[in-house]
Amino acid sequence: MLNPLTIKQLQRFRSIKRGYYSAVILAVALVLSLGAELLVNSRAVVVHYQGDLIFPTYGDVIPGRTFGLDYDYETNYRELKRLFAERDEGDWVLMPPVPYDALENDLNPGTYPPDPPSFASSHYLGTDSTGRDVLARLVYGFRLAFGFASILLACNYFIGITLGCAMGFWGGAFDLLFQRLIEILNNVPVLYVIMIVASIVVQSFWTLLAVMVFFGWTQMTWYMRTSTYKEKSREYVLAARAMGASSPRMVSSHILPNTISVIVTFIPFSIAGAITMLTALDYLGFGLPPPTPSWGELLQQGTNHLESPWIVTSVVVAMVLVLLMVTYVGEAIREAFDPKKFTYYE
Amino acid sequence: MTRRATPWRRDSGSRGNTPEATSCRGRTSVIVCAMLACCAVFVSSCGTETVPTEDPTAVEAPRGVQLPPLEVREGDGLPASLPADLVWETNEEDPIFASPEAVRGGIFRTWMLAFPLTLRRVGPDSNGAFAGFLRYNQLGPVTYHPNTRRPIPSLATHWAYGADGRSIYYRINPRARWSDGVPVTADDFVFAVQFMRSKEIVAPWYNNYYTDRIRDVKRYDDHTIGVQGADPKPLNEMHYSYGIGPQPKHFHVLDQDWVKRTNWEIEPNTGPYQISEVRKGKYIDLSRKADWWGDEVKYYRYRFNPDKVRVRVIRDANIAFQHFRKGELDTLSLVLPHFWHEKATGGPFDAGYIVKYWFYNDLPVPSAGMFLNSADPILSDRQVRLGLAHAMNFDRVIDTVLRGDYQRLPTFQLGFGDYDNREIEPREFDIEKAGEHFDAAGFDKRGGDGIRERDGQRLSLRVTYGNPQHTERLVVLKEEAKKAGVSLELQLLDSSASFKQMQEKKHQVAWMTWNSQGLSPRYWEHFHSENANRPQTNNLANHADPAMDELIMAYRASADFDERVALAHRLEQMVHAAGVVIPTFQVPYTRDGAWRWVKLPEWLGTRTSGTLFNSQANSAGIFSAGGLFWLDPEEKRRTLEAKDEGHPFEPATVVNTTYQTH
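Those protein sequence lines, which keep their order, are chains U and X. Once you know that position 242 of the first sequence is 1007 in our numbering, the rest is easy, because the numbers rise by one and skip nothing. Once you know that position 655 of the second sequence is 684 in our numbering, the rest is easy, because the numbers rise by one and skip nothing.
Okay, derived cross-link-like pairs now, DSSO-like style, lysine-lysine, Cα gap no bigger than 27 Å in a straight line:
1) Lys512/X to Lys846/U
2) Lys228/X to Lys534/X
3) Lys665/X to Lys355/X
4) Lys337/X to Lys355/X
5) Lys462/X to Lys511/X
6) Lys846/U to Lys511/X
The hints are simulated quantities; they were obtained by calculation from the structure and are not laboratory data. No experiment lies behind these values; they were computed from the predicted model shown.
The shape of chain U in the complex, shown without the other chains (with noise of 0.2 Å):
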């Protein structure tokens, strides 16, 4: 199934153990985050309520008084625990390992948001200037800045690889044409442009990786253009088109495969950027709009909150390792890839 050269450098992968942990690390981190609803939510997982069993993680709003209480509004949950324990009529609530989910506040006349890091509260990481849970916000700000790295990585790659494999294969005017582009686009502060456009509008996601992707598939280009440039003149490209083989064909079944070291290489390091990008504008306040729970919020909290601690010293951890592990991938990838180890031409 796989050729034996890939086998060889999954091996060699294996072998730099402190890549291949962060990357089982990351992958399990990713995992749970994709559940996160299940282990870090204001909504309880199992609820027993008159015999029923009700699992509220997904879907509607079950509001309070479905299960007897006198509000329309979404059922707390952590309330509604306390109450079946003392009524104790079988009734129960199993709530997530940390019951908040990033957007409530926790408030509690009397005491002022930020609150430290508390055990009895399940406040693990404290809660921040209005008294929203860290550890939620931390964990739902991993999923969206994963999230929105991957599908900016996945937009980049797609557009950079066509148009670099097109410019390398084509060569002559087209790719003069889009060096003179993306030279332009290279050449434009994308930082001041985002910060223009947050400005007269409210970024969205999807806004913000709209102006993210427009700005940053030329990376690519320049790669897949060199790669396509010096694949192309190989002997086994001038087999395939002396066999007939069409364009398209040449490309993505000749040519790509024996690039792909050069995209895989480039990936943990396009994911790290992009999360440090993301965590950068949403710290300097042209990121998401409040109160999506981002890292970059939370750094800029901290910082703001330099005497409640908790929360600078949580969000700048989890940064340092996340990156660090991200950062051990990507140099055990280019490592286990490096052509200087593997190739046919030895």
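Using the hints provided, position chain X relative to the given structure of chain U.
Showing chain X alone in chain U's frame:
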């Protein structure tokens, strides 16, 4: 931005954010033309009577458009010669409120959040938060005593009221000079009206005010003018409504290009400071005029003491705080609870290098509110507006995020004594009541996300605001509002951009604060239908109600105090009933921090001081309360030495409740 105001202190720079905005309010900005200012100082210090150049083309010239002679309507008009029976008044008997111990000198370092978009005082983009700096240096004929609230001389030495109840006469101080040394004369006042009426300045609000409210202005001699307003007013409010300020006639050439050309020009002024240096995007320096004519005026003595005021752009309040803590800013507003209680502790605070002041004042309360755009398809329904008011849990915000330091604001305008309608109770957070109103509006079903819907349209509203410090309040409101089935989308924009959006009426809900000013509340600009659905007016709610228009006009026209009070009460009631504004918070005090070397009089401030360390601003737009502090070089040396050696003083927090009202 509140343009409620007299033509001259039109003021106050501000929209603001309740008092906490004071630190960044009213800062001006400008382009540098240091040379111009230097020349001005030079000329004036030589005592030369600067006469505009002999070359006629330089002054009267056919440059620019020819301004038409003032148009006077049928039934209006001042007498051709000065009435003989005028009783000239002045006020030299009220006590001074500045300290004779004040010493001149030093550089006062303060800050602003954003660099201004223009240095003009009128025209597009001129109503920014720092416009105050420019305006406070353009004096009016008369200002008000900050403790007695009575008129006191400024550009004018004497004033007299006409028999028709709507005219006022001024004798201009012959010493008064523009910053370029040119004497201020009656012609500058006549020109001011022509100028404000001209289309070239692209300022519809002023065009209207100077046409509709100011009916005539007349020059009787070089230093005597008369102004006639539209309606009779109580005597003590006349200066506020009709006491127009001059415009430098020798400076302005009006033409199609005026707005663009003057965008970064430094206009001659009459106040104590003039811009001396502008670094775009970085800072603006204002320098004290060495030989200012106003130093001879009783109530200006011992005031405006720093030689220079440097207004730096610091784009974040927390960074400004760090600058302050390091001693790079001399003072900082500490009104915000988390600044006062948490940030302003330890280090230089505990060591007594920085003194904390908590000063209760008694002045018009800034109108902080959520302005609901009634031109919006959802908010045009009164039931939705009322429901929204009941869905806002302000008490929870006050009790938690605001540490109980703020109070709920019950009415749109407050703090005007008898004019206040104290019978109105603010709408309380009540999900049931909110629900009834929303049901009545047709939003009677909740969608899967718990948000109400009407024919598939979600009850989701965009809240536009410009102060990142307010996000904390809004996220709490947002979460609480969900319980009532309303979704608030928070739109945080740069402060200039957010105000622009509001002025263009593109908002749904505008979260902002109008600085209140004057002696009585104002309704025309905020609620009259003439200002509805037009850009660049202050009717942010786009409220248009013929019944209310009628009362507003009656209120404006009345000179009878009791009648005006009764009308104001009814108007406030109507505002409440229409639900177009949800008043938010009020703060009946100011809190500031200042390094030890910034000295205040022993009484700290005046009854109407909006902030203690304002280099010159009027408070509430009319009370001449600014510029009382001074910088003590000896104390500065001592403090810095002590700081270097790590030698602490007694920590100091000064609380003053002299003017606490409730």
